[in-house]
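As they're listed, the protein sequences go chains H and L. Going by this note's numbering, the first residue of the first sequence is number 1, and it counts up by one from there. Going by this note's numbering, the first residue of the second sequence is number 1, and it counts up by one from there.
These are computed hints drawn from the structure, not numbers from a lab. Remember, it's a predicted structure, so these values are computed and weren't measured experimentally. It is possible that part of the hints are untrue.
To give an idea of the chain H side of the interface with chain L (calculated C-beta under 10 Å), a few residues [stated by the list, open to error]:
hint	residue
1	K42
2	R92
3	R108
A few chain L positions that, by computed beta-carbon distances, are all more than 10 Å from chain H [what the hints assert, rightly or not]:
hint	residue
4	H29
5	R81
6	F105
7	L112
8	T113
Think of the CB as a built atom: it goes at the ideal place given N, C-alpha and C, for glycine as much as any other residue.
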Amino acid sequence: QKEVEQDPGPLSVPEGAIVSLNCTYSNSAFQYFMWYRQYSRKGPELLMYTYSSGNKEDGRFTAQVDKSSKYISLFIRDSQPSDSATYLCAMRGRSQGAQKLVFGQGTRLTINP
Amino acid sequence: DTGVSQNPRHKITKRGQNVTFRCDPISEHNRLYWYRQTLGQGPEFLTYFQNEAQLEKSRLLSDRFSAERPKGSFSTLEIQRTEQGDSAMYLCASSRPGTENTEAFFGQGTRLTVV
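Only chain H is shown next, with the shape it has when bound in the complex (with noise of 0.2 Å):
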């Protein structure tokens, strides 16, 4: 079983939508969360990070974490065409020793006009 597990769609919505996307992870040590868009043939681009529970918001994005559940969430209100990509979850521990990100296969979103 992987450490991170993320469901990769594709998932397909129109223009408008609210769009939710989700990771669970099985490591308890895991304190950092971050989520990654990818465009197709790019680098991932740092979207979200949030430390430990709780929400956060910015802008139409808001990321949500739920340590309990080990269940992380990013949310999309009035999504646009543009959002089209892919979306991927990273996480990582505290420690020194624990500075890799640990990513999910990521989630190929479409926004259709």
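Fit chain L to the given chain H structure using the hints.
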């Protein structure tokens, strides 16, 4: 440009040849990471430097792979005797020192095709 820079962007090589990639991190970022990403998968960790010290290596990094970061600035990743299974996107990322607010920023990657 103040982002992470990777060169070359694309590399096509014949099986058995050696290849070397370069990564220039964001200025003042003392941590530098190499990841590998295959089609339809998330990036997988290969190795990580803090300044010039290589602190962690994945078991994915076979003895054909070597990474260096002389003087704690740019880094190189060399693959010797390339195999078709080495075909992937090789990503470099950098982050600031400390344990807080150390989110990693990625370069555009080097896409390797072994024929």
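Where does the structure disagree with the numbered hints, that is, which hint numbers, in rising order? Structure breaks hint 6 only.
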